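Protein chains: 2
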Amino acid sequence: MSEEDAERDEHEAAETSADNVESVVDEVHDRIEPDTDEREHLRDVAARLIDSAETAAKERCPDADVLQVGSTARDTWISGDRDIDIFVRFPPEVDREDLERYGLEVGHETLPEGHEEYAEHPYVKGTVEGFDVDVVPCFRLESATEIRSAVDRTPFHTQYLEARLDDDLAADVRLTKQFLKGIGAYGSDLRTRGFSGYLTELLVWEYGGFRPLLEAAANWRPPVELDPEEHARATFDDPLVVIDPTDPERNVAAVCSAENVARFQHYARAFLAAPRVELFEPNEPEPLTEADLREHIDRRGTTPVVVRFAAPDLVDDQLYPQLQKSLDGITTGLDDRGFDVFRATAMADETAAILVELAVSERPAVERHEGPPVHVRNHAEGFYEAYADDSEAYGPFIEDGRYVTERPREFTTAREFLESDRLFDVGLGAHVETALEDEYTVLVGEELTRLLEEFGTQLSRHVEPRP
Amino acid sequence: MSEEDAERDEHEAAETSADNVESVVDEVHDRIEPDTDEREHLRDVAARLIDSAETAAKERCPDADVLQVGSTARDTWISGDRDIDIFVRFPPEVDREDLERYGLEVGHETLPEGHEEYAEHPYVKGTVEGFDVDVVPCFRLESATEIRSAVDRTPFHTQYLEARLDDDLAADVRLTKQFLKGIGAYGSDLRTRGFSGYLTELLVWEYGGFRPLLEAAANWRPPVELDPEEHARATFDDPLVVIDPTDPERNVAAVCSAENVARFQHYARAFLAAPRVELFEPNEPEPLTEADLREHIDRRGTTPVVVRFAAPDLVDDQLYPQLQKSLDGITTGLDDRGFDVFRATAMADETAAILVELAVSERPAVERHEGPPVHVRNHAEGFYEAYADDSEAYGPFIEDGRYVTERPREFTTAREFLESDRLFDVGLGAHVETALEDEYTVLVGEELTRLLEEFGTQLSRHVEPRP
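Residue numbers (this note's numbering), protein chains in the order written: chain Y, -10 to 456; chain X, -10 to 456.
To be clear, the hints were calculated from the coordinates, so they are not data collected in a lab.
Quick caveat: nothing in here was measured; it's all calculated off a predicted structure.
Hints are supplied without guarantee of correctness; some may be wrong.
Identical chains blur together in the list; that is why a pair holds if it fits in one copy or across any two.
[Claimed, not checked] Derived SDA-like pairs (lysine to any residue); straight-line CA-CA distance at most 25 Å:
hint	residue 1	residue 2
1	47	309
2	170	268
3	170	377
Just chain Y, with the same shape it has in the complex (with noise of 0.2 Å):
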C-alpha cells in the first residue's frame, strides 16, 4: 500500500470511527441524563433539606450559612444516582468543638431519622424519599489553601466547577463517569484507587469534554502533568498529576493507581478504535463455578493456597490497604522461601481471603547455605567448625573459594510456612495480624472451591482477568 492509500485509509477510518462515537455517545448520553422528573424530584427534596438546615444552622450560629456540594449540585450526577451532600459552613472563629456540637444537631434537625458516622468530623447521615443525604459541618475559609480539614475544601471545589461547566460540559462529565464505571476505574476509594468525581470533572474541563479527554489520555506519557490554573507549588511522584485549583500543593489524582491510569489508556484506545455501548457498562463476571475452577486450576497447573480469616470489622478506606499490605507481606515470605509467586489477589466479604498462587509450592529438603570465602580465616574456620560435625548437614565443601553446606530446610511446603508461626514475622495489616491470631484457615489446591460460595465473582476475575 502506498504512504497516500494508507493516509487516505486511515483519514477515512477516522471519519467512520466519527460517526461511531457520535452514536454510541448519543446512546449512553440519552441513559444516564436524570429526566425532567428526576432533576426535579431531587431540586425539591435538596431544597427542602437546605432550608431546614439552613435554620436549624442560623439558631446556633446566625453567621452560618448552607450549601449543597457534590455531583447532584454541580448538574454532573447520572440518572439514578441518590447522593446528596448538604455542607453547614460555619466562620472560622468557631471552636472545632462548638461547629462538631452544632454540626451534629443541624445534621439530626434535618435528617430526624439519621445516624451519626465519622471521617475527618463526625455527621449525620440518612435517608429522604429515597435520596441519600449527608449532612456535613464545615469551616468557612477565604480559600482553599487555609483549610482546616479536607471537608472544609468541598465548597471551594464546587464553587469552581461551578462557574465552569456549561451543560454541554456537565454532560461530558456524565459519560466520562459512567465511562470510567463501565471499565471499572472510578472511585477515589482506597480499594479501586481511580479517579474520583472531582478529578474526573477537571480532566473534561481541561480537556474540553469527553472526546478530547479520551483522545488525549490514549497518547499519555505518564507522568502527565496537569495544572490548570498554573500554580503549582509542589511536585508529586504520581503517574497522573492533577493541580488542584483551589490547592497549589495538593495533586488530586494522587490516590488514581498506575494500573487504573494505564486501564483508562487502554479503554480510551478500544473506544476511539471500536466505540461500543458496553464499554460504558460496569462487567460484573458471572460467578466462577465449581468445575470452571478445576479447570483452571488443571490448566494452569499453578498451585493457589489461601489464607481465610474472619474480615476485620472496618470501613473499607481502612480494610483494603490493610489487606494489600497482608498480601504484599506474605508474597514476600513466600517468595523469600522459594515458593515462586505467579500471582495474587486479596478479597473480602464476610471472610478474607489473601489468594496467592504459585509456580512453585514445593521445595527440596534440603537449601543451600552459603558461608564466607574460606580466605577469611576467622569466619570461615567458625563456618566450617559449626558444620562440619552437623550429621543433617551436607558439607561443607568448597564452591568458588567459598565454603558451602546443604542444610536441612525449613519449610518444604507452602502450606507448611503459611500454617506456622513465621506467618506473623511477614508484614501483616494490623486488623489482620488480629484476625489470624485469631483463627485462620489455609486451603490449597482444589480446597479453594470452599471459597466460591462467598468469593465466586472474585475468583472468576482473578482466573479471567481483564485490562
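Fit chain X to the supplied structure of chain Y, relying on the hints for placement.
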C-alpha cells in the same frame, strides 16, 4: 580465661602441634623419598637415554645438545614416579620443520619401541625398564622470553630451580607435592586445575619450605601475588599469581582454580591444627551403592537429571573444558526455564554424564509474559492485539501499568527440555554437541542408578562433597 592464659594455651598448642608436624612429616618423608636403588636405577636409565639421544641428535645437527628436565632431573620426584623427560635442544637457526623431523628421528632412535604423540610439537613417547620416557625436541634460546612454544621454556625452569633447591628444599618439595596429591589439588591439567610441579617448587623455594608455605597459605588473602625475581611485566586476574622467574609476562599459577587455592588453604589450616598422615593420602571414596543413592535422593528431596552420551575421544585437557562448558550451558538452559539448579557435576569415562541436581524440576503449564507499558502506544497496541484473541493465553491484563499475559509454557518438566532440540541452543562444547547429535539419554531421579556401575566413585563425591 584471662588473656595471659589464652596466650599461654595458644603457645602450648603451637608447641604440641610443632612436635606433631615434625613426626608426621618424618613419617611421610620416609615413605616418599626414593631409596638409593631407585635413584641409581633411574640415573642409569636416564644416562643411557641421554647418551643415545645425544649421538642421534649430533649426527643431524652437530650443535644440538640434550638435557634431562622435570622432577626426576631436579630430584623432586616422589618414590614410585616413573617419568623421565629428555629434551633435545636445537639452535634457533634450525627451521621448525627440520626441528620436528630431527626430533622424531632422535626420539625413535632413542626409544625404538616408542610411538609419536603431539603436544605443541610432535614428540616420541615410550617405556624403558618400567620408566615412562618422553623425548621432546625444542629450541635452545638465550632467554625464556624468546620462546617459540611452551616446551622451549622447560629447560629454563630446570636451570632456575637446579641452582636453588638444595636437598632439604627438594625433600620439602616432595612433601608438598604429596600433600597436594592427598587433598586432590596436584596437577595443572585442565581436569584438576590445581598446582603444577613447577609451581609447587617455586612456592617451596619462595616460602623456604613445606611448613612455612602451609603457614603462609593458611593466611592467604587472594589475590596472592608472588614475584620471586621482582620483574613482573603484566598483571593477572587469578586468585594466585606467581610470576615465572624465567618470564616476566607469565603467571605460573594461571590454571590453578579459586577452588583449589581455597582447598589448599583449608587443608593447610587443617594440617597445622591437627597434623596427620592421612592428609597426604589421596582419598578415593567408596563407590556409591544403589541403596545409598536411593537414600540420598530421598533424603535430599531434589531431582537429579542426567544427560549421558558417549564420551568424545579426546585427551583430558580437551575433554574436561568441553564438559565444563556443556555443564555451564545446560545449567543455564535449565535455570532460564525456571528449573532451579541446586548443584551440578560432569563426569567421564567410557560414557560422559552431565549431572544436574534440581531444586525445581516441574513448572506450571503457564508462564508470565510481560509486555510493554500501556503508555508506549505502538508497542502496547501491537502486544495487546497479538494476545487479545489468543485462546491459549490468559489476559492481556494490566499490572503496574504494563500489559501481562500468561501463555502456555514451552517445557513444564526438565526432562522435556533436555529431550528437546532446544538443548542444542545452549552453549555446548563442540565435540560434546557432536556426541549428543549422535545419541544421548536423559535420566531422572532414581534412573540415576544406571550410572552406578560406571560412575560409583564420582557419584559418591557428588552426594558427599568434601572440601
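Tested hints:
Taking the closest pair of Cα atoms, residue 47 and residue 309 never come within 25 Å of each other, the shortest separation being 40 Å inside a single copy and 95 Å across copies. Taking the shortest Cα distances, residue 170 and residue 268 sit within 25 Å of each other inside one copy (9 Å), while across copies they are farther apart (77 Å). Within a single copy, residue 170 and residue 377 get their C-alpha atoms only as close as 64 Å, which misses the 25 Å cut-off; across copies the closest is 22 Å, which meets it.
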